[in-house]
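For this one, chain A is given, so just place chain B on it according to the hints.
There are 2 protein chains.
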Amino acid sequence: MEVKKAFKTFRYSADLAWTGARNGRASAAGKADIAVGSPPDFRGEEGVWSPEHLFVSSLSTCLMLTFLAMAERRAIEVAAYASTAEALLENVDGKYQITAVTVRPRITLKSADALEPAREIMGRVEANCFISNSIKSRIDLQPEFQIAPA
Amino acid sequence: MEVKKAFKTFRYSADLAWTGARNGRASAAGKADIAVGSPPDFRGEEGVWSPEHLFVSSLSTCLMLTFLAMAERRAIEVAAYASTAEALLENVDGKYQITAVTVRPRITLKSADALEPAREIMGRVEANCFISNSIKSRIDLQPEFQIAPA
Chain A
672 MEVKKAFKTF RYSADLAWTG ARNGRASAAG KADIAVGSPP DFRGEEGVWS PEHLFVSSLS
732 TCLMLTFLAM AERRAIEVAA YASTAEALLE NVDGKYQITA VTVRPRITLK SADALEPARE
792 IMGRVEANCF ISNSIKSRID LQPEFQIAPA
Chain B
672 MEVKKAFKTF RYSADLAWTG ARNGRASAAG KADIAVGSPP DFRGEEGVWS PEHLFVSSLS
732 TCLMLTFLAM AERRAIEVAA YASTAEALLE NVDGKYQITA VTVRPRITLK SADALEPARE
792 IMGRVEANCF ISNSIKSRID LQPEFQIAPA
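Protein sequence lines, in the order shown, are assigned to chains A and B.
At position 12 of the first sequence the residue is numbered 683 (our numbering), and the sequence of numbers has no breaks.
At position 78 of the second sequence the residue is numbered 749 (our numbering), and the sequence of numbers has no breaks.
None of these hints come from the bench; they were simulated from the model.
Incorrect hints may appear among the rest.
What the hints assert, rightly or not - Within a straight-line C-alpha distance of at most 35 Å, the following computed DSBU-like cross-link-like pairs (lysine-lysine) qualify:
| # | chain 1 | residue 1 | chain 2 | residue 2 |
| --- | --- | --- | --- | --- |
| 1 | B | Lys807 | B | Lys679 |
| 2 | A | Lys679 | A | Lys807 |
| 3 | A | Lys766 | B | Lys807 |
| 4 | A | Lys702 | A | Lys766 |
| 5 | B | Lys807 | A | Lys807 |
| 6 | B | Lys679 | A | Lys679 |
| 7 | A | Lys807 | B | Lys766 |
| 8 | A | Lys702 | B | Lys781 |
| 9 | A | Lys781 | B | Lys781 |
| 10 | A | Lys766 | B | Lys781 |
| 11 | A | Lys766 | B | Lys702 |
| 12 | B | Lys702 | B | Lys679 |
| 13 | A | Lys781 | B | Lys679 |
| 14 | A | Lys702 | A | Lys807 |
Stated by the list, open to error - A few chain B residues that don't get close to chain A, going by computed Cβ distances all over 10 Å:
| # | residue |
| --- | --- |
| 15 | Ala685 |
| 16 | Ala697 |
| 17 | Ile705 |
| 18 | Ser709 |
| 19 | Glu748 |
| 20 | Gln768 |
| 21 | Lys781 |
| 22 | Leu786 |
| 23 | Arg790 |
| 24 | Glu791 |
| 25 | Pro814 |
| 26 | Glu815 |
| 27 | Phe816 |
| 28 | Gln817 |
| 29 | Ala819 |
Yeah, the Cβ is synthetic: ideal placement off N, Cα and C, and Gly gets one too.
Chain A extracted, bound-state conformation:
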């Protein structure tokens, strides 16, 4: 017998307007606009957020927020969290797609006691992140942990 839980569903909207050439403006209720467009590789310019850059940031932000939520539930005190992330865009069978994203979070913990549970949590972050669940790309998560000076 299948047991169903009543999970809520959520909706997220954003608007987009073409502003000329390969550029546009992304907007969403209550948030600052983002200048978006093609990257220089595809006849665009450097100063705008390309779809690929937004994709990378969507994933790395989701992984961070998932880690922070899980850490909070375990009462792990995080002093700092910074991450770099890089997407690889490759042509597979004639179609370009983001095949892999390498994410390197550097996490500073307030206490050495938190190191082991923090590593354990990080091992489950990818499986619990809404965005990693929604993309085809391989995720290569390479966390580094350090302890804040006393």
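Okay, now just chain B, sitting in the frame of chain A:
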């Protein structure tokens, strides 16, 4: 015999720094920073770009840029392009994921002659968009075309 073409690969990097609570700052070379964080649904606040909002904008921007590039190659003159997009976040087998994104581009063409080729191009946009190729979500693309006043 397999025939290999030499396709280029591309890399896209972005950084992220936690700024406290459920918020952070996304940055990338030469681009304006984006205030990111959890949406209000998940203990965040309204004024930041959530991973879900970034995901939606990544997709709708990619679809727009793909359409514009294909239109240019066919010498179709586009007067305006604006789009709304909405992601549906659902729990599937105990895991939240973006199961579907509805994208509604409103495209204004300079000439009625362009209507048929523009529709034909839009029919191929999803298959040619790098981001739609990279995500698991179902894409429901609902374009509307109109002709600019003479």
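- Item | Hints violated by the structure (listed by number, smallest first) | 6, 9, 13, 15, 16, 17, 18, 20
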